[in-house]
Amino acid sequence: DAKTTQPPSMDCAEGRAANLPCNHSTISGNEYVYWYRQIHSQGPQYIIHGLKNNETNEMASLIITEDRKSSTLILPHATLRDTAVYYCIVSGGGADGLTFGKGTHLIIQP
Amino acid sequence: EPEVTQTPSHQVTQMGQEVILRCVPISNHLYFYWYRQILGQKVEFLVSFYNNEISEKSEIFDDQFSVERPDGSNFTLKIRSTKLEDSAMYFCASSVTGFYSNQPQHFGDGTRLSIL
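So the protein sequences, as listed, match chains A and B. Residue numbering for the first sequence follows this note's numbering, starting at 1 and increasing by one per position. Residue numbering for the second sequence follows this note's numbering, starting at 1 and increasing by one per position.
Hints are not guaranteed to be accurate.
To be verified - Computed list of lysine-lysine pairs in DSS-like fashion (alpha-carbon distance at most 30 angstroms, straight line):
#, chain 1, residue 1, chain 2, residue 2
1, A, 102, A, 69
2, B, 83, A, 52
3, A, 102, A, 3
4, B, 57, A, 3
5, B, 78, B, 57
6, B, 83, A, 102
7, A, 3, A, 69
8, A, 52, A, 102
9, B, 42, B, 57
10, B, 83, B, 42
11, A, 52, A, 3
12, B, 42, A, 52
13, B, 57, A, 69
14, A, 3, B, 42
15, A, 69, B, 78
16, A, 69, B, 83
17, B, 78, A, 52
18, A, 102, B, 42
19, A, 52, A, 69
20, B, 57, B, 83
21, B, 42, B, 78
Source of the hints: derived by calculation from the structure; they are not laboratory data. Model, not experiment: these values are computed from the prediction.
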C-alpha cells in the first residue's frame, strides 16, 4: 500500500498557484519524496523530488515540513495543460519499485 | 531531452498467445523497470532489473512473466500464455545508477495490451 495520503481531487483557476498537499507520516530517514503526474493514460511524468530541503525546478516547487511528515507541491502559474492526476510517492531510490496510490486529480478551470 | 520509448503503442493478442513488449531506456541509465496499469486502477510495479539480473519483483510478476536485455539498448517484457486479465497499459521506466541513488525513474508512454 502507498505510504502517502492525498486528497482525491482539487480545483484551481488557470493562472493561479496550485498547492497539492501530501501526508507521509511514516517516512523513513533515507526515503525521498517524489512527485509524478499522469495526463490521461500517458506514462507518469517526473516532476520533482526532495529529501528534507525545499526544492524548485522549472516545473514546480516542493515544500517539505521540518519533521518530514508532509509536503506540498506548488505549481506557480497553473495552465489547462496541468490538469492531471498528481502522485506523491516516498521511496528509498535504487532498485525500489515505486508504489503509486490513487493520487490527486487536479482540474484547472479556465 | 532523452526519453524512454516503447513499442508497439497498442498490441492486440489472442488469449493463450505469447507477447513481447519492447522498450528502449534512456541511454546512460542502468536500472530498468516495468509497471502495469489496468484500466481505471493504480499504476502497479512489476519488476526492476540491474546488471542483467532481476533486482526486485512484485507478487504480480509470476512465472508467466520474464524480462530480458537482449542487447545494449532494448529491454523487453515477455508474457507467456496471456490471460484476459493481462489486458492493461504496460509502462517501462529507467533510472540512472547507484544502488542507493535518489535519481528519479523516467517513464515511457506505455503499450496498451488488449487480450481477446
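Quick rundown of the hints versus the structure:
1. Distance restraint check for residue 102 of chain A and residue 69 of chain A: the Cα-Cα separation of roughly 19 angstroms lies within the 30 angstroms cut-off, and the hinted pair is therefore satisfied.
2. Between the alpha carbons of residue 83 of chain B and residue 52 of chain A the distance comes to roughly 44 angstroms, so the proposed pair goes past 30 angstroms and is violated.
3. For the given pair, residue 102 of chain A sits about 11 angstroms from residue 3 of chain A by alpha-carbon distance, which is consistent with the 30 angstroms threshold.
4. Taken as a hint, the residue 57 of chain B and residue 3 of chain A pair is honoured in the structure, with Cα atoms around 18 angstroms apart against an allowance of 30 angstroms.
5. The hinted pair formed by residue 78 of chain B and residue 57 of chain B meets the criterion: a straight-line CA distance of about 14 angstroms does not exceed 30 angstroms.
6. Among the hinted pairs, residue 83 of chain B with residue 102 of chain A is consistent with the structure: their alpha-carbon atoms are about 25 angstroms apart, no more than 30 angstroms.
7. Taking the CA atoms of residue 3 of chain A and residue 69 of chain A, the gap is near 11 angstroms; set against the 30 angstroms cutoff, the hint holds.
8. Pair hint residue 52 of chain A plus residue 102 of chain A holds up; C-alpha atoms about 24 angstroms apart against a cutoff of 30 angstroms.
9. Between the alpha carbons of residue 42 of chain B and residue 57 of chain B the distance comes to roughly 17 angstroms, so the proposed pair stays at or under 30 angstroms and holds.
10. Annotation: proposed proximity of residue 83 of chain B to residue 42 of chain B holds, straight-line Cα distance about 19 angstroms (limit 30 angstroms).
11. Pair hint residue 52 of chain A plus residue 3 of chain A holds up; C-alpha atoms about 17 angstroms apart against a cutoff of 30 angstroms.
12. With a C-alpha separation of about 27 angstroms, the suggested pair residue 42 of chain B and residue 52 of chain A falls inside the 30 angstroms cut-off, and the hint holds.
13. A distance of roughly 28 angstroms separates the Cα atoms of residue 57 of chain B and residue 69 of chain A; the hinted pair therefore holds under the 30 angstroms criterion.
14. Using a Cα cut-off of 30 angstroms, the hinted pair residue 3 of chain A and residue 42 of chain B holds, with the two alpha carbons roughly 14 angstroms apart.
15. Annotation: proposed proximity of residue 69 of chain A to residue 78 of chain B is violated, straight-line Cα distance about 39 angstroms (limit 30 angstroms).
16. For the suggested pair residue 69 of chain A and residue 83 of chain B, the alpha carbons sit about 41 angstroms apart, so the restraint of at most 30 angstroms is broken.
17. Proposed proximity of residue 78 of chain B and residue 52 of chain A is contradicted: the alpha carbons are some 39 angstroms apart, above 30 angstroms.
18. Of the pairs offered as hints, the one joining residue 102 of chain A and residue 42 of chain B holds, with about 6 angstroms between alpha carbons and a cut-off of 30 angstroms not exceeded.
19. The straight-line distance between the Cα atoms of residue 52 of chain A and residue 69 of chain A is roughly 10 angstroms, inside the 30 angstroms bound, and the hint therefore holds.
20. Taken as a hint, the residue 57 of chain B and residue 83 of chain B pair is honoured in the structure, with Cα atoms around 20 angstroms apart against an allowance of 30 angstroms.
21. With a C-alpha separation of about 21 angstroms, the suggested pairing of residue 42 of chain B with residue 78 of chain B holds against the 30 angstroms cut-off.
Violation of the numbered hints given earlier is confined to hints 2, 15, 16, 17; the remaining hints are satisfied by the structure.
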